[in-house]
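Trainee: Each chain, letter by letter, is given below.
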Amino acid sequence: DTGVSQDPRHKITKRGQNVTFRCDPISEHNRLYWYRQTLGQGPEFLTYFQNEAQLEKSRLLSDRFSAERPKGSFSTLEIQRTEQGDSAMYLCASSFEPGEAFFGQGTRLTVV
Amino acid sequence: AQSVAQPEDQVNVAEGNPLTVKCTYSVSGNPYLFWYVQYPNRGLQFLLKYITGDNLVKGSYGFEAEFNKSQTSFHLKKPSALVSDSALYFCAVRAYSGGYQKVTFGIGTKLQVIP
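Here the protein sequences line up with chains A and B, keeping their order.
8 is the number of the first residue of the first sequence in my numbering; add one for each residue after it.
657 is the number of the first residue of the second sequence in my numbering; add one for each residue after it.
Bear in mind the hints are in silico, worked out from the structure with no lab data behind them.
All C-beta atoms in this analysis are idealised placements derived from N, C-alpha and C, irrespective of residue type, glycine included.
Certain hints may be false.
[Claimed, not checked] Under 7 angstroms between C-beta atoms, here's a sample of chain B residues computed to sit facing chain A:
#1 K705
#2 F761
#3 G762
[What the hints assert, rightly or not] DEER-style ranges, computed between Cβ atoms:
#4 A661/B <-> S69/A: 24 to 34 angstroms
#5 Y752/B <-> E75/A: 17 to 27 angstroms
#6 D710/B <-> K78/A: 37 to 47 angstroms
[As the list claims (entries may be wrong)] Partial list, derived from the structure: chain B residues whose beta carbon lies under 7 angstroms from chain A:
#7 G699
#8 L700
#9 F746
#10 I763
#11 G764
Please build the complete structure, drawing on both the sequences and the hints.
Mentor: Pasting the structure below:
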């Protein structure tokens, strides 16, 4: 499968714990995006990388959230001191051309 | 700030009838517009895009969309709906925001095709 892959698919964590998600984009894509989607809503933009540079970060991304793309390939999204409000589907997407993004199946986070 | 509106939470259509899923947008400058579909327990899939040129664009699975600049709309259409088209559809717009390209999604419209 040469699509965007995300790991894990599901994560249940206790409030206050740290979690880290991984995204492996399509190999030739230089752009990588993280979105968050809650039930009944469209994807909300979190952050965007072009190669290894993090070019934009949404105000939704509090200080507890950090994303990296160290070698311009895979990316990680870490949430520290998780809160129940962080429960959502976290989507990763990649593209070669801006906007025509290919999405992974997402990581569903449940904070209990 | 750019925004996308999908005014209908749900659209019901009989199988074989034409369908329309509405989308309007607000951006500064020229928009790039997209439609994505999301099936249950699956990731978002790209359907079609408008960048420039003909106002009617054709995409995957027989879908098409019409760009109307004066009405700032980009409605998704299909001449004959299939039960398998039942899914969640998202409209998205890409434009410059704060010096960078930014993609904004609508909240989605659930399409229900009735056999």
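Trainee: Each hint should be assessed against the structure and marked as holding or not.
Mentor: Verification of the supplied hints:
{"no.": "1", "hint": "K705", "verdict": "6 angstroms, holds"}
{"no.": "2", "hint": "F761", "verdict": "4 angstroms, holds"}
{"no.": "3", "hint": "G762", "verdict": "5 angstroms, holds"}
{"no.": "4", "hint": "A661/B <-> S69/A: 24 to 34 angstroms", "verdict": "27 angstroms, holds"}
{"no.": "5", "hint": "Y752/B <-> E75/A: 17 to 27 angstroms", "verdict": "25 angstroms, holds"}
{"no.": "6", "hint": "D710/B <-> K78/A: 37 to 47 angstroms", "verdict": "40 angstroms, holds"}
{"no.": "7", "hint": "G699", "verdict": "4 angstroms, holds"}
{"no.": "8", "hint": "L700", "verdict": "4 angstroms, holds"}
{"no.": "9", "hint": "F746", "verdict": "5 angstroms, holds"}
{"no.": "10", "hint": "I763", "verdict": "5 angstroms, holds"}
{"no.": "11", "hint": "G764", "verdict": "5 angstroms, holds"}
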